[in-house]
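Residue numbers (the UniProt record's numbering), protein chains in the order written: chain F, 1 to 251; chain C, 1 to 251.
Hints listed in this document are in silico derivations from the structure and should not be mistaken for laboratory results.
Treat the hints with care, as some may be off.
Given that identical chains are not distinguished, each listed pair holds provided it fits within a single copy or across any two copies.
Claimed, not checked - Here are the simulated lysine to any residue pairs, SDA-like style, with alpha carbons at most 25 Å apart: (1) K4 <-> E30; (2) K57 <-> D2; (3) K4 <-> K117; (4) K57 <-> I84; (5) K164 <-> S40; (6) K12 <-> L56; (7) K57 <-> I156; (8) K164 <-> S78; (9) K167 <-> M37; (10) K4 <-> S33; (11) K51 <-> E211.
Quantities reported herein were computed from a predicted structural model and do not represent experimental measurements.
Residues per chain, in single letters:
2 protein chains.
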Amino acid sequence: MDAKHPVRTTEKTLALVEELMEKGPCGVTELASDLQMGKSAVHNHLTTLQKHGYVLKDGDDYRVGLKFLEVGGHSRKSMEVYQIAEPEVKSLAADTGELANLLVEEQGMGVYLMRAKGDDAVDLDTYAGLRTNLHTTALGKAILANLPESRVDEIIERHGLEQKTPKSIGTRQELFEVLEAVRERGYAIDDGERLEGLRCIAAPIKSSSGEVLGAISVSAPASRVSDEDLHGALPERVLSAANVVELNINY
Amino acid sequence: MDAKHPVRTTEKTLALVEELMEKGPCGVTELASDLQMGKSAVHNHLTTLQKHGYVLKDGDDYRVGLKFLEVGGHSRKSMEVYQIAEPEVKSLAADTGELANLLVEEQGMGVYLMRAKGDDAVDLDTYAGLRTNLHTTALGKAILANLPESRVDEIIERHGLEQKTPKSIGTRQELFEVLEAVRERGYAIDDGERLEGLRCIAAPIKSSSGEVLGAISVSAPASRVSDEDLHGALPERVLSAANVVELNINY
DNA sequence: AATAAGTGTTCTGGTCGGGAGAACGGGGGG
DNA sequence: CCCCCCGTTCTCCCGACCAGAACACTTATT
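Please model the complete structure; the sequences and the hints are all you need to start from.
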């Protein structure tokens with residue numbers, strides 16, 4: 001489903017925003033050379049974005065503005081799965097003392113909708129809105145395990161199976177074996193695949209018709225998660241949270 | 001500082017996104033008639049936005065995607081005042097049991113960066129990213145009170161003094177009197193101006209050079225805030241939270 | 001001080017692409 | 001079965017995007 005008649009001007013604007021996001025605040029000339037555009041074009045785009053609040057000027061540098069947060073925040077707020085799961089994720093974090101997360105799938109990528117920190121939680125560099133490859137996290141695996149096989153293949157084709165660490169899943173074969181195990185267990189595990197020493201347990205949120213709406217997880221340092229915990233009390237607590245959300249969504 | 005050579009194509013894209021945000025998911029024809037554009041133009045813009053994750057297609061309807069949350073979330077995460085104030089706002093909410101907020105000023109408007117709910121917190125329809133006129137909230141008044149008079153006048157000229165409720169501040173004169181009182185007290189109050197029965201106390205966060213970086217607040221139903229609390233224990237707790245943030249920002 | 005080299009901003013014209021309008025395809029209701 | 005309305009595709013013309021040059025500053029260097 002590609003754009004047959006892409007609006008090139010809009011694509012330039014978006015490229016500008018994303019470049020500005022990655023590099024942080026910077027000036028017109030630098031952006032122009034990075035994106036191979038003329039200075040005047042960059043300037044026109046930036047002032048247009050500024051006029052509408054999407055970009056701000058700090059002295060001579062430009063940076064992305066909070067208008068994106070308004071649009072994105074509104075979008076998130078209007079998602080049923082967020083509204084219902086939010087309190088559950090918070091209490092999951094409070095009960096376990098660890099870091100709890102909520103992820104949804106969008107265009108084959110995982111998007112963190114929120115994170116809640118318990119009293120002892122590790123501080124990962126995730127944030128609301130962050131995108132990640134589904135096959136690299138427990139959250140993503142919990143979602144993939146509940147998508148039709150054809151859909152999973154589409155996602156592999158579109159985004160590949162990038163290996164973040166040596167432990168990452170690297171082949172289609174390996175992925176499908178892991179997903180089968182997830183389906184049997186009912187929850188997904190990440191034991192140091194994403195980050196050495198970090199253990200993660202995730203459970204899917206499914207609608208009454210069986211469609212996956214997202215996934216909930218808890219992340220904790222391996223030092224606080226014994227091997228028994230990894231397949232005992234912790235998954236149970238995560239599954240129970242996911243279950244409460246499912247019940248509330250399906251009335 | 002208006003755009004001298006606005007990129008009209010980009011403005012159409014942005015208008016499309018904002019219309020889509022306000023109306024929620026809807027189809028090409030409806031958007032086209034709302035924005036007085038041709039169907040093909042709308043379609044081209046939407047597919048372009050979709051290609052980059054800013055818009056999604058649900059059946060025949062389009063809706064805004066979470067890419068905005070990624071950009072906005074990244075922008076928020078990179079703000080020093082957010083990084084430092086976030087834990088303080090959370091503990092403010094936990095201590096008081098009420099709703100705590102963090103607001104910053106951008107282009108003359110207030111933008112909520114976050115909200116944290118205590119155990120008894122009321123559930124307002126604010127969300128991270130929401131924009132509000134500064135003169136209508138305690139948070140905004142705490143900020144305005146610490147901006148140069150000329151800046152306040154610019155903001156009045158740009159955004160007016162819209163009256164949300166009959167109690168709202170309606171004239172420049174009235175606003176400046178209120179701001180003077182805020183400066184003397186050190187904190188701002190909203191006693192039912194924004195919402196009948198809601199009381200709100202806000203304190204500014206200032207850098208060592210005296211510049212306002214944002215404001216912190218607590219919102220609670222009037223039934224739980226006695227008149228003594230309104231000028232006693234509660235402001236003290238809010239001021240202390242703001243103070244901790246100031247100390248951490250200024251090292 | 002005067003110069004040079006960097007910046008962001010403005011201006012203009014040519015040319016490339018955005019978008020109106022018409023045509024297509026397909027799904028749903030009378 | 002037909003009709004109406006939807007999203008999508010197509011084509012061609014006119015308008016707008018943007019390269020490049022000129023301008024107005026600030027800052028570093030001589």
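Determine which of the earlier numbered hints do not hold for this structure and return their numbers in increasing order. 3, 5 and 9
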